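S.K.: Sequence:
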Amino acid sequence: MQAGLRGKGHGSLRPPSGRATVVSRTETNAITALEKLDIYGGRDPRDLPAYTTREVAVCLDIPLSRVRAWVAGQSNFRAVLAPAASASLNALSFNNVIEIFVLDELRRRHAFSLQHLRRVLQRLKTAFPSIDHPLVQLDLRVSNHQLFARYGRKLENLSLDGQLAIEEVLRTFLTRVENDASGTGIFRLYPFVTRQRAADAPRTVMMDPRVSFGRPVLSASGVPTAVIADRFRAGESIGSISEDIDQTTEEVEEAIRFETVRVSREAA
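For the sequence shown, this note's numbering begins at 1 and goes up steadily by one.
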C-alpha cells in the first residue's frame, strides 16, 4: 500500500532512524488519500492468500516438504497449520508465514517434535480461544524466564513444556518482527538473508503485507529486492543502483545477496 509513493530515489514513507526525509504537502495529501482506500475489501491483509508453499520455503530457507506437510498434512499425521484459503492448500497468508517461521525455529534449534508443537499451539488457543493466529496476534514477552501473552487487557502466564527452549527462540523471534502500532499483532518480518540466523543479523530486507503485497523489499525504501537483483543481472552497477534508489551500497548488496540465495534455493 505504501509502495509506489516515492520521492527522489524511492524514499521511504517511514524512514529509518537517523535518516531525515522531507515530505511535501502534496505527498502528504496523497499518502492520506491512499490510506483511506480499502484495497483489501475490508479484510486484514495478513489473512489474504499471497504466497505459494514454495515461495515461503525459499524465503525462509525451510525444506519445501516440511512446509507442505505442516499446511496439508501427510499420511501419518494431520496438518499443524490452517492455510489462508481452504480452497487451496498452496495459498498461504502472511500470518502463515510468521507461524511457519516460529515453528521452524523451534524445530531447527531444539528439535521439537510435531506433537510438542501441537501442544504449544493448543495451549495458546486454549488461553485465547477467540484468536485465530496466536503466534501473530498475541503480544508475546519474556520476563524472569516466564513466557507471557497479552491480548487487549488480558495477560496470560503461559506454562509450557520446554519453557526455556521456547524463551530462547522467542528472544530471537522478537528481533525479527515488528508489531503494528494499533496493537493488532505482527505486520512485519525481517527474514534471515544467510543461514547463520543470528538474532542481531541486519534487518535490511523485510516482508510486510501492506508493502508490495508482502514480497521481500528493502526495509528502508520498500523497493523490491527482486527488482534490484534484476537490474544488477542486467549489467547495472551496484553504485548506479544505489544512487538511483538513494540507498547505501551495503543495502543494495544485501538485497542482491538475498535474491541470489533465493534463486539458489529454488534451483536446489
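Calculated directly from the structure, the hints in this document are not laboratory data. Values in this document were obtained by computation on a predicted structure and should not be read as measured data. Just so you know, even glycine gets a beta-carbon here, dropped at the ideal spot from N, CA and C. It is possible that part of the hints are untrue.
Stated by the list, open to error - Label pairs and their calculated CB-CB ranges:
1) Gly41 to Ala198: 38 to 44 angstroms
2) Glu266 to Ser130: 36 to 42 angstroms
3) Gln196 to Asp139: 26 to 32 angstroms
4) Arg257 to Gln122: 21 to 27 angstroms
5) Glu156 to Ile238: 45 to 51 angstroms
6) Ser240 to Phe213: 23 to 29 angstroms
7) Asp132 to Thr248: 23 to 29 angstroms
8) Arg119 to Gly235: 28 to 34 angstroms
9) Ser182 to Gly41: 14 to 20 angstroms
10) Thr249 to Ser113: 42 to 48 angstroms
S.K.: Taking the hints in turn, state whether each one holds.
M.R.: Hints, verified against the model:
no.	hint	in the structure
1	Gly41 to Ala198: 38 to 44 angstroms	holds, 39 angstroms
2	Glu266 to Ser130: 36 to 42 angstroms	holds, 38 angstroms
3	Gln196 to Asp139: 26 to 32 angstroms	holds, 28 angstroms
4	Arg257 to Gln122: 21 to 27 angstroms	violated, 38 angstroms
5	Glu156 to Ile238: 45 to 51 angstroms	holds, 48 angstroms
6	Ser240 to Phe213: 23 to 29 angstroms	holds, 27 angstroms
7	Asp132 to Thr248: 23 to 29 angstroms	violated, 39 angstroms
8	Arg119 to Gly235: 28 to 34 angstroms	violated, 53 angstroms
9	Ser182 to Gly41: 14 to 20 angstroms	holds, 19 angstroms
10	Thr249 to Ser113: 42 to 48 angstroms	holds, 44 angstroms
Checked against the numbered hints listed earlier, the structure breaks hints 4, 7, 8; every other hint is satisfied.
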